[in-house]
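Peer 1: Here's the letter readout for the chains.
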Amino acid sequence: MAEHCAVIGIGQTKHSESRRDLSIPGLVRDAAVRALQDANMSWKDIECVVIGTAPDMFEGVMMPELWLSDALGASGKPIFRVHTAGSVGGSTAVVASHLVQAGVHEKVLTLAFEKQSESNAMWALSPAVPFQPQLVAGAGGYFAPLIRSYIRRSDAHPDTGCMVAVKDRQHGLLNPDAHLHLDQSLEEVKASPMLWDPIRYSETCPSSDGAVAMVLVNDKHAARVQNPAWITGTSVRTERTFFAGRDQVNPAAGKLCAKDVYDQAGITNPLKEIDCAEVYVPFSWFEPMWLENLGFAEEGQGWRMTMEGKTKIGGEMPWNMSGGVMCTNPIGASGMLRFAEAARQVRGTAGRHQVEGAKVALGHAYGGGSQFFAMWIVSSER
Amino acid sequence: MSEILSAPYVLEYTYTRSTGPVVGRFLEGLRYEVLEGVRTADGRVLCPPVEYDEQGEATTGEFVQLRPSGTVKTWSWVEEPRKSHPLDRPFAWALIQIDGADNSMLHVVDAGEAKRMRTGMRVRLRWAEHKSGTIRDIACFEPMSPFMPGPVHLEYEVNPGQHYSAYLRGLQRGQIIGGKDPESGKVYVPPRAADPVTGRPTSEYVEVADRGVLTTFTIIRIPFEGQKLKPPYCFGAIVLDGADMPIYHLISGVPHDEIRMGMRVKAKWKPKEQWQTSLENILYFEPTGEPDVPFEEYEEHL
Amino acid sequence: MREVAIVSFSQLPSSKVIHADEPELVQPVTAAAMEQIGLTQDDIGFTCSGSTDYLPGRPFSFVAAVDGLKAWPPIRESHVEMDGAFALYEAWVRLLHGDIDTALVFSFGRCSLGPVPEVLNVQNDPYYVQPLGLDAISAAALQARAMIDARKATERDFAEVAVRNRQNAVRNPNAHVKGPLDVEAILAEPYISSPLRKSLCSPLSDSAAAVVLAAGDTARKLVERPAWIRGIDHRTEPHALGQRDLTASASAKLAAEKAGVRKGKVDVAELHAPFAHQEIILREAMGLGEGTEINPSGGALAANSLMTTGLIRFGEAASRVLSGSADRAVAHATSGACLQHNLVAVLEGE
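Chains as they are written, first to last, in numbering that gives the first Met the number 0: chain A, 0 to 381; chain B, 0 to 301; chain C, 0 to 349.
Errors might be hidden in some of the hints.
[To be verified] Capping the alpha-carbon separation at 27 angstroms, the derived lysine-lysine pairs in BS3-like fashion look like this: (1) K257/C / K219/A; (2) K257/C / K43/A; (3) K130/B / K82/B.
[What the hints assert, rightly or not] Quick look at which bits of chain C chain B covers, simulated, 3 or more residues with Cβ under 8 angstroms: (4) 64-78; (5) 111-120; (6) 123-133; (7) 280-288.
These aren't lab readings, by the way, just hints derived from the structure by calculation. None of the values given here were measured: they were computed from a predicted structure. Beta carbons: idealized from backbone N, C-alpha and C, even for Gly.
With the rest of the complex left out, here is chain A:
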């Protein structure tokens, strides 16, 4: 690794169900301009743009980096497009950080977006292709059986998923950019309709329009700001959707990815050495599952941390201070939002959802059938 890499600019749109007031170029530019302002930079400072978004069929523009190159000031520059399913926002930030760390570029703008309101996600995710099994289960139908498996294996308290939903929505109330601002009680969440048993309506994420951008630089330029977030570890791992003996609840790819990123950052005990985490939790039950997968809890014990309130702001290990995916889900941007919110925490710029004194944070994204993982560790210290 030739260079250190730091996040010195972060910007995001206000997220909502439909940003009908913005075109797609308008949406990405809104986030990018905020990131540039935060970094005290202008377009001409940027050497390269790395962009991520989920399937092109969401917006009906194939390889949109071609069309968006003008809106992102990329003429005469390299622009690069990453796509790794739901983990794409994370993988995109990882590629951008590698360009800086490898010494290829000094100042990179990375960005992820989704404008889900331009189409229907169910259609875009599973059009009726001949010979392909038809859509039987819907979005939650793949994950609900996994959650049932988790509950059976860990003998988890049945309210765990509801507790996560209440907690993340309380956190979301502190984040003005979040899509959902819901003040819900545990009773209200428990009373919400069962959609994919055991997943209730209030235990699922929304579908959002939004974009997020970050400016990544090397040592030379990090001094432009008082409080860079230094990237001390990055990792990606992939495994296949189905294979004999696959642990779908606690996938090996997630465990390996976490170990890799901790090793790079010199972390041996994540619970002690990490101050807070933004983790991709699209269904609330994934919080306890990922607490175990990422080594914050022993296998079978993650749900206890949630039930004991340890993952709240002010708790032992705050998770998803921004409200997380449970409050905001522009799919292609959701992973990068996790990475960006982790960086905001260690920069001390997270506003009302700031964890006091946060110095080391984890950003996490996953996609596909719990098979694509991307993570980074950011720190206030180089």
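Got chain A; can you put chains B and C on it based on the hints?
Peer 2: Frame of chain A, contents of chains B and C only:
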């Protein structure tokens, strides 16, 4: 009581109206699909234009061409139009501030249904086909969508590949075909180009049973777009006897509250004459009645 | 900066139709690229692929492609929704990190599934161009006409490019269309979108390709003569056709400069020009003169499986260096209508 007399009566007369220099010019403009406002002494633009503003000041006589679009300031929905109404289908009356004007114009919005109406909505002017030199030369306003349609229509010819074809042909014969990796001995359903663990094609085809163990499941209670079945229904992971990984299918023939992890299930096939190259030849899986499989025996498949 | 080289290349012969799904394309071509140099997936540090969902017309086709790999234990893996050559670029960046020494890059494209010229309209601006239905051939034809009007080339020049590529393809067992065709015969073909005729456009092919990259001494251990990536760069330009000088390629010129193309004699260049006239633009942009053999493989005019064609250019150029028949080669890949986005690399023997 004496009977009251009654007869129909119509009051009808067409007046000859003098419109004056301002309104006249405005209405004449409408004939040519030109929309104008007039400037007031204090610099505002009024549309429809008037000779005197609300303070009684004479307007300047300077006309300003305006875009045929505007914003609804307030509105009322009429579900059953009266004879006199300009539209014969449900519509909204509205005060519309034309873009570039400072006042509002009364007109109608052809929105189809009340739920499309809201204050602040954007509307565009629709011209009448036949002009009469009246405000009816504006047929109505219509909702302006913040969206433009972006249709994509592409015609593909798809083929499912060799291994999946073999699997589908098996189903056509009423068989469930798996692929065995010669090295690990693991059987995958359907067969595939590369065993995930060894990377080699699972090219030895074997038939697996149409019965097995239900490892985990969900009860789907939500309606969603593209759904073929009426909720609630059960969808589960089944490890067929002879296979080393689950397939997913519907579980039926049993009350939902009796569906359990570890339950033994078997395929319920469609009548043979309806079999095609499709997993839909199996309608669903139903309990066999055999004893449940202990958790430890299927835990590795979760 | 760490030294990185292409050490192996494999492709499936391009043809009109390959009856295979994504894993069935990926498994044999990746296995062959690794086996040639005695590696298995377990020896690979990073895997990266390039593809687009719009060729099969369904989302996540790259997820299906992972099913063509041995991914146990879990692998470091990434994917670009771009030509496989850009996946190679990502893998190059990853190897510069220094913690791993090898990378597998692959891509796959089946043009047989859908109406590719129309599919490419979905790349266009969805407000002003997509609704008009501008197909890829017509877009390229506007560029070809602009060249004629600017007196930069004639229709005969275009035909000569096509004839030479077809002739070169005779020696390429993986080419899709090849063989004798003369200038007069091309000029007698009817226009598809004038001034483009059938033989001035690339065929539509199915194929897959894989490349193995290795760093430093690992590369030297694996092969006698690695094809070292001495320079690599990519640049884009404005999207709207009306905002560019279509007769030149500012982005290819800049990328070639940054990659150091002119720092030495170029023996051979593999240029990703899906239309004959684009080869002329690219040669001028990169300053490739008479001394450089262009597209000995026959180029995109002999085989064009979208998303794979660029990676095949890299593989073909590297093969010349690996075999010792060239000391210095240029590889190029393009993306977007009328050469909007260009990637250029210089490959050298030791």
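Peer 1: If any of the earlier hints don't hold here, list their numbers in rising order.
Peer 2: 7
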